[in-house]
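Colleague: This is what each chain is made of:
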Amino acid sequence: MSEAVVYWLQQTLNALQLGSIYALIALGYTMVYGILTMINFAHGDVFMIGAFFCFLLSSTLGLTFAPTLLLAMLGTALLGVVIERLAYKPLRQAPRVSAIITALGVGLFLENFTLALSPYPKHIPTLLENVTWNLHGISLSSIQVVIISLSLGLMLLLDYIVHRTPIGMAMRAISWDKTYVPLMGIPVDLIITVTFAIGAGLAGAAGTMYALAYPVIDPYMGITVGWKAFICAVVGGIGNIRGAMVGAFILGGVEIMVVAFFPSTYRDFVAFTLLMLLIIIRPYGILGKPRIQKV
Amino acid sequence: MRKTISMASFFVVIAALLLSSCGDPTNKQDTIKVGLIVEQTGDMPAVGASSRNAAQLAVSEINSAGGIAISGKPYPIELIIEDNASKADQSVAAANKLISQDTVVAIVGPNASLGAIPAAEIAEYNKTLLITPWSTNPKTTLDTTSGKPKSFVFRACYTDPFEGRVLARFVIEKLGAKKAAVLYDVASEAPKSQADQFRQTFTELGGQTVAFETYTTGDRDFSAQLTKIKSAGPDIIFLPAYYNDVGLIAQQARRAGINQPLVGSDAWSSPELIKLSGGAVEGDYFANHYATDIATPTAKKFIDAYAKKYGNTPDDVAALTYDAMGLLFEALKKSPTLERKTVRDAMSAISDYSGVTGDIKFPPGSGDPVKSAVIMQVKGDKFVWVMNAAP
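Going down the list, the sequences are from chains A and B.
This note's numbering puts the first residue of the first sequence at 1, with every later residue one more than the last.
This note's numbering puts the first residue of the second sequence at 296, with every later residue one more than the last.
What the hints contain is simulated information worked out from the structure, not anything from laboratory work.
Just so it is clear, CB atoms sit at the ideal spot from N, CA and C, and this is done for glycine as well.
Honestly, I wouldn't trust all of these hints.
[Stated by the list, open to error] Covered by chain B, per the in silico footprint, the following chain A stretches (three or more residues, Cβ under 8 Å):
| hint | segment |
| --- | --- |
| 1 | 5-11 |
| 2 | 138-152 |
| 3 | 207-220 |
| 4 | 223-234 |
| 5 | 239-248 |
[Said to hold, decoys possible] Computed cross-link-like contacts, BS3-like style, restricted to lysine-lysine with a CA-CA straight-line distance of at most 30 Å:
| hint | chain 1 | residue 1 | chain 2 | residue 2 |
| --- | --- | --- | --- | --- |
| 6 | B | 570 | B | 629 |
| 7 | B | 570 | B | 422 |
| 8 | B | 474 | A | 122 |
| 9 | B | 666 | A | 122 |
| 10 | B | 666 | B | 656 |
| 11 | B | 368 | B | 382 |
| 12 | B | 328 | B | 628 |
| 13 | B | 604 | A | 122 |
| 14 | B | 666 | B | 487 |
| 15 | B | 603 | A | 122 |
| 16 | B | 596 | B | 629 |
| 17 | B | 674 | B | 473 |
| 18 | A | 122 | B | 382 |
| 19 | A | 122 | B | 674 |
| 20 | B | 422 | B | 629 |
| 21 | B | 487 | A | 122 |
| 22 | B | 487 | B | 469 |
| 23 | B | 328 | B | 629 |
| 24 | B | 636 | B | 595 |
| 25 | B | 674 | B | 328 |
| 26 | B | 570 | B | 382 |
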């Protein structure tokens with residue numbers, strides 16, 4: 001293969017890895033928005049807690065990769081449920097702004113709580129034996145393979161749950177209408193709890209895999225990544241699960257490709273100009289549908 | 296609207312003047328208050344912790360020796376510590392608080408240029424001596440509008456342009472590099488000026504900069520930049536980044552199959568680097584302010600006392616903070632009164648101070664000392680001295 005093709009494929013691989021992680025986090029934003037029309041700004045920090053769970057489980061308890069991933073997902077899922085019950089549920093009938101401010105507060109709480117426990121950045125031990133394969137000049141690491149395939153697997157599973165199971169049907173029903181759905185015997189609170197658990201669990205998975213790929217973690221790591229994942233969800237069409245995945249791979253791709261072919265200083269400027277144009281052309285996101293407001 | 300704003304700013308100025316005039320410390324108090332601004336939380340808590348430890352050591356040593364005599368009367372030193380969370384705005388707030396509320400005689404810190412530059416502006420405006428131990432950015436001691444040296448701001452370390460020049464010369468002359476790649480944080484002051492100065496000197500000496508890539512503070516994924524650097528085929532990679540970024544970049548570089556030596560700045564020198572990089576910087580080089588393995592008797596005494604009190608070897612921030620405190624004590628000893636202006640005059644008159652990080656002297660009218668750098672290499676869990684780079 002020519003050098004240019006190898007370079008291009010290598011950067012595509014980088015984009016897939018970054019996009020996968022954005023996607024796992026973006027799903028949490030989009031699911032909560034879909035069901036409650038609320039932006040859960042604490043979600044990026046739940047992702048950060050996922051990375052710290054990974055650190056505690058792997059470094060302190062010495063667990064291997066699979067149990068670390070599962071327990072971190074379980075831990076963040078539980079955290080998501082607790083946050084929903086304590087912070088968001090009492091505000092379900094309050095103005096939407098109150099819920100958003102509360103979400104920001106929860107995010108700050110999680111950051112500063114972690115900061116109070118450990119202000120030092122932490123190093124994640126090697127959980128997976130790192131093998132780098134060389135395919136015609138393209139280097140492919142075992143961590144990249146694990147991240148991309150696991151993320152795609154989780155996304156397919158979520159897509160199946162939402163579109164093919166009774167609980168997924170209930171979620172879609174609630175996102176459509178909150179007045180009559182309870183009358184059909186659907187336990188709204190339970191479904192909302194499940195939604196938060198799934199969203200936070202995915203963020204936990206993202207946190208664990210992120211910590212593997214970028215093995216220095218700190219309490220502020222969720223802020224930028226969280227914002228970017230939120231943008232992915234909006235670009236894809238917030239509330240739409242497949243849209244979040246599409247948006248994430250677009251942002252990951254644009255970020256990597258701008259650096260690949262332009263001076264890297266232009267990255268954020270070009271990436272976000274493109275996303276803004278996309279939003280101007282499709283204000284409801286790529287897969288989002290306009291909701292008709294009836295008076 | 297405009298009128299209310301101008302009225303408001305008028306009152307702020309009046310209030311500031313009143314505070315600064317009544318806040319000037321005199322012989323009324325029975326201690327000498329010294330402020331310390333450090334990065335206890337935020338991006339570089341290890342820097343803050345080292346700096347705080349060294350300052351506390353210096354203060355406890357001088358106090359157990361009876362304090363400092365000002366015109367015959369001995370005063371103990373009282374250290375007031377403020378956290379700036381490694382942020383510019385909080386550095387300003389901390390400097391303002393120390394100057395007007397705590398009425399300190401002088402301030403030591405902040406360490407990182409990001410906080411030191413704005414804090415230095417505040418100190419200069421309020422005519423209060425500020426000594427930064429670790430800020431290597433030229434702007435810290437320069438007046439931003441006139442371009443002339445500030446008169447109340449000093450540093451205990453060398454500057455970024457100096458370090459960039461020393462490293463460019465080192466990679467060409469000692470590592471035999473012809474092609475270099477540079478990767479730095481475009482949103483951070485010190486790395487930016489080191490990168491620019493490195494490229495300039497490297498080109499002047501006949502080298503070729505094949506990649507000049509940037510990232511932004513908070514980035515974790517460097518795969519795109521590293522892939523680009525790899526395809527440019529450099530002999531070395533210059534990485535003037537803070538130790539937590541170095542940990543991430545080095546591991547991703549090695550995983551991407553980049554095995555060329557990495558060369559870094561003094562921002563590498565924290566014991567945390569070894570922990571965070573997981574062996575990825577083994578054999579790599581960086582410039583530093585002092586080396587523990589070629590320590591002078593003055594340095595040995597400090598290293599032993601620090602190790603005894605805190606259980607680890609002091610890093611360069613600790614050594615420079617200790618020197619900054621030492622310089623301040625030297626100035627106080629020579630100062631006839633505790634007025635801020637007198638202390639500042641005594642400070643600028645220091646012509647030869649033998650510190651932990653070498654001999655320090657200030658050229659007339661400048662807060663930047665004349666001193667030399669050392670080149671270190673990472674070996675196992677230690678930093679080993681390679682050579683001295685004189686100015």
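Colleague: Quick one, are residue 674 of chain B and residue 473 of chain B close enough, alpha carbons at most 30 Å?
Modeller: Answer holds: residue 674 of chain B to residue 473 of chain B is near 24 Å, not above 30 Å.
Colleague: Under the criterion that the straight-line Cα-Cα distance not exceed 30 Å, is the pair residue 422 of chain B, residue 629 of chain B satisfied?
Modeller: Measuring from Cα to Cα gives roughly 19 Å; hence the hint holds.
Colleague: Does residue 636 of chain B pair with residue 595 of chain B here, judged by a C-alpha cut-off of 30 Å?
Modeller: 34 Å, violated
Colleague: Assess, step by step, whether the Cα of residue 666 of chain B is no farther than 30 Å from the Cα of residue 122 of chain A, and give holds or violated.
Modeller: It is violated: about 34 Å lies between the C-alpha atoms, which goes past 30 Å.
Colleague: So if I understand the rule, the pair passes when the alpha-carbon distance is 30 Å or less; does residue 666 of chain B with residue 487 of chain B pass?
Modeller: 22 Å, holds
Colleague: Decide if the proposed pair is consistent with the structure: residue 570 of chain B and residue 382 of chain B, CA atoms, cutoff 30 Å inclusive.
Modeller: Within the cut-off at roughly 24 Å; holds.
Colleague: Straight-line Cα separation of residue 122 of chain A and residue 674 of chain B no greater than 30 Å?
Modeller: 21 Å, holds
Colleague: Would you check chain B against the segment 138-152 of chain A, counting CB to CB pairs closer than 8 Å, and say if three or more residues qualify?
Modeller: holds (count 3)
Colleague: With a Cβ-Cβ cutoff of 8 Å, does the segment 223-234 of chain A contain at least three residues near chain B?
Modeller: holds (count 3)
Colleague: According to a criterion of three or more residues whose C-beta lies within less than 8 Å of a C-beta of chain B, is the segment 5-11 of chain A covered?
Modeller: holds (count 3)
Colleague: Need the status of pair residue 474 of chain B, residue 122 of chain A: alpha-carbon distance at most 30 Å?
Modeller: Measuring from Cα to Cα gives roughly 34 Å; hence the hint is violated.
Colleague: Checking one constraint from the list: CA of residue 596 of chain B to CA of residue 629 of chain B, max 30 Å. Satisfied?
Modeller: Cα-Cα ~24 Å, so holds.
The earlier numbered hints that this structure contradicts are 5, 6, 7, 8, 9, 11, 24 and 25.
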